[in-house]
Amino acid sequence: MNNKNWKPWALLSPSLSAVFLLLVVPVCFVVVYSFWLRAPNGSDIPAFQMGNYAKFFADTFYPSLLLRTIRVALETVFICLAMGYVPAYFFYRTESRFKPVLMILIMLPFWISFIIRTLSWINILGDSGLINHLLMKVGIISSPLSMLYNEGAVLMGLLQYLLPFMILNIYVSLDGIDKSLTEAATSLGCTEWQAFREVTLPLSLPGVSAGCLLVFVLTCGTYLPPMILGGPGNEMIANLIFKRIIGTLDWPFGSAISTILLGLLGVIVYTYNRYLGINQIFKSLR
Amino acid sequence: MKIFSGWSLIRGYTLLVYLWMFTPIVAVVLLSFNPQQFGSFPMDGFSLKWYGKLLHNPTILTAFKNSLVLGSLTAVFATAIGIPAAMAFVRYDFWGKEGLNTLLLAPIMIPEVVLGVALLLFIRWLEQPKSFLLLLIGHVVLTLPYVLLVVQARLVGIRREYEEAALSLGANPFQTFMEITFPLLAPAVFAGMLFAFTISFDDVTATLFWATARNQTVPVQIFGMLRNSISPEINALGAVMIVLTVSLPLAAGYLSRKFARGN
Numbered sequence: 001m002n003n004k005n006w007k008p009w010a011l012l013s014p015s016l017s018a019v020f021l022l023l024v025v026p027v028c029f030v031v032v033y034s035f036w037l038r039a040p041n042g043s044d045i046p047a048f049q050m051g052n053y054a055k056f057f058a059d060t061f062y063p064s065l066l067l068r069t070i071r072v073a074l075e076t077v078f079i080c081l082a083m084g085y086v087p088a089y090f091f092y093r094t095e096s097r098f099k100p101v102l103m104i105l106i107m108l109p110f111w112i113s114f115i116i117r118t119l120s121w122i123n124i125l126g127d128s129g130l131i132n133h134l135l136m137k138v139g140i141i142s143s144p145l146s147m148l149y150n151e152g153a154v155l156m157g158l159l160q161y162l163l164p165f166m167i168l169n170i171y172v173s174l175d176g177i178d179k180s181l182t183e184a185a186t187s188l189g190c191t192e193w194q195a196f197r198e199v200t201l202p203l204s205l206p207g208v209s210a211g212c213l214l215v216f217v218l219t220c221g222t223y224l225p226p227m228i229l230g231g232p233g234n235e236m237i238a239n240l241i242f243k244r245i246i247g248t249l250d251w252p253f254g255s256a257i258s259t260i261l262l263g264l265l266g267v268i269v270y271t272y273n274r275y276l277g278i279n280q281i282f283k284s285l286r
Numbered sequence: 001m002k003i004f005s006g007w008s009l010i011r012g013y014t015l016l017v018y019l020w021m022f023t024p025i026v027a028v029v030l031l032s033f034n035p036q037q038f039g040s041f042p043m044d045g046f047s048l049k050w051y052g053k054l055l056h057n058p059t060i061l062t063a064f065k066n067s068l069v070l071g072s073l074t075a076v077f078a079t080a081i082g083i084p085a086a087m088a089f090v091r092y093d094f095w096g097k098e099g100l101n102t103l104l105l106a107p108i109m110i111p112e113v114v115l116g117v118a119l120l121l122f123i124r125w126l127e128q129p130k131s132f133l134l135l136l137i138g139h140v141v142l143t144l145p146y147v148l149l150v151v152q153a154r155l156v157g158i159r160r161e162y163e164e165a166a167l168s169l170g171a172n173p174f175q176t177f178m179e180i181t182f183p184l185l186a187p188a189v190f191a192g193m194l195f196a197f198t199i200s201f202d203d204v205t206a207t208l209f210w211a212t213a214r215n216q217t218v219p220v221q222i223f224g225m226l227r228n229s230i231s232p233e234i235n236a237l238g239a240v241m242i243v244l245t246v247s248l249p250l251a252a253g254y255l256s257r258k259f260a261r262g263n
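Chain order of the listed sequences is A and B.
According to UniProt numbering, the stretch in the first sequence is residues 1 to 286, in order.
According to UniProt numbering, the stretch in the second sequence is residues 1 to 263, in order.
Hints listed in this document are in silico derivations from the structure and should not be mistaken for laboratory results.
Mixed in with the good hints, there may be bad ones.
[What the hints assert, rightly or not] Listed next, the in silico SDA-like pairs over lysine to any residue satisfying Cα-Cα at most 25 angstroms (straight line):
{"no.": "1", "chain 1": "A", "residue 1": "K243", "chain 2": "A", "residue 2": "M83"}
{"no.": "2", "chain 1": "A", "residue 1": "K99", "chain 2": "A", "residue 2": "M83"}
{"no.": "3", "chain 1": "A", "residue 1": "K137", "chain 2": "B", "residue 2": "F122"}
{"no.": "4", "chain 1": "A", "residue 1": "K137", "chain 2": "B", "residue 2": "K53"}
{"no.": "5", "chain 1": "A", "residue 1": "K55", "chain 2": "B", "residue 2": "F122"}
Model, not experiment: these values are computed from the prediction.
Kindly produce the complete structure, drawing on both the sequences and the hints.
If you want it as structure tokens, here you go:
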């Protein structure tokens with residue numbers, strides 16, 4: 001054994017032990033607890049039984065909540081992609097001297113508190129919010145439209161939170177493409193649009209898929225937008241977990257739901273990594 | 001001509017996306033100056049009333065203090081354990097490197113709700129009460145991946161030859177790190193600390209699981225205030241948070257560039 005080999009382990013030991021002790025072990029606890037029983041008096045009984053999972057899938061309520069979470073996550077991914085590709089492409093192609101300023105503006109939401117960004121939509125969509133105020137002033141409507149506390153409002157909050165992730169992921173990918181490839185294509189007779197479709201778009205797909213995965217995973221775990229902007233019918237899986245743990249203190253069932261969420265995301269991330277490689281995602285976060 | 005119109009479409013679209021993204025944030029700041037009881041349009045006048053109220057709200061001032069202390073300590077601890085880890089990943093080859101790197105970055109991909117449950121369940125099993133320490137270690141785990149990413153990215157760009165030169169001239173590894181590597185790495189360390197600070201300062205979901213009534217942070221406080229209705233006071237608090245968390249990195253970026261030029 002090479003005597004230099006202990007050095008990286010010494011350097012890694014603080015963070016590895018932190019992550020092991022505070023992440024790996026606790027997550028294992030969640031999985032173990034998901035098999036435990038909850039006694040009628042509220043205490044937990046160590047056991048190995050599938051009752052919590054059976055409870056989850058027996059009712060239609062819980063699975064439908066899981067499905068809604070997945071559907072909302074997919075909607076968020078598609079709208080983020082539609083809203084994010086064009087600005088990312090703009091950054092790639094622009095020669096504007098304002099490009100650095102525009103890039104900082106795209107990063108700004110990362111620095112602005114998530115809860116402020118979420119609640120800010122109440123000022124826009126609320127009964128006396130900006131949109132209703134303007135529409136009533138112009139005279140298009142006479143009573144306020146109700147735009148809050150529905151899935152649309154939740155999507156607004158989610159999109160505003162996640163769009164910068166999508167734009168940056170796509171931009172990082174586009175930025176790695178040599179612009180002379182497009183020039184070569186156009187000089188060989190392609191139109192701009194053809195060159196984009198045949199050259200730029202395929203080369204940007206790693207960033208697109210990384211952005212989509214990140215947005216999907218982050219949406220599946222969000223708690224705040226459904227809580228603040230959604231109505232009673234717009235809860236997502238994270239809200240259910242929170243209710244079960246903090247509200248009713250049902251640790252075994254809460255753990256089972258957490259395990260199901262973790263398992264779902266684990267399968268998706270694993271599959272993605274298997275075929276596309278997870279490292280692309282971390283590039284944009286630098 | 002056709003290309004030109006395509007490009008202006010792209011520009012227009014980008015402009016709209018910016019407009020969509022920033023209108024709600026501007027509305028928060030605008031409405032914080034609304035003297036009315038309800039934070040809504042139309043505004044009638046301009047007043048600093050709600051900012052004054054904030055200054056005299058002891059709960060919010062305590063929450064601010066908690067957030068500042070928590071964010072600063074998180075930044076210090078996350079960088080203190082993150083820098084050596086980044087050194088290990090960039091400067092050494094060893095068995096299991098890729099997997100361990102992914103493990104350390106994993107908290108980014110694990111839902112915060114699950115992290116919240118997991119850590120809470122763990123200290124419950126250890127029969128420990130919720131405490132400030134729990135919040136702190138939780139936040140360090142949440143922010144460590146970002147510190148790692150930022151520091152690693154910079155470290156890759158620092159040539160190993162500088163360190164080798166120092167070593168061959170007789171400096172020991174610790175001296176080499178303090179005299180050569182750390183000064184070159186300082187901007188990334190600073191950026192990592194800022195990242196850790198703002199993430200900690202901003203976190204709601206996991207903090208809701210871990211905080212006690214005594215350890216409320218500002219976002220958790222805002223979350224509690226939202227239960228009533230959105231008042232201009234929340235908007236004022238939001239505006240203060242926006243100014244704080246935005247100006248800090250901008251000022252830091254400006255200063256670091258100024259110092260870089262000064263050298």
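Looking at the structure, which of the earlier hints fail to hold? Hints 1, 3, 4 contradicted; others consistent.
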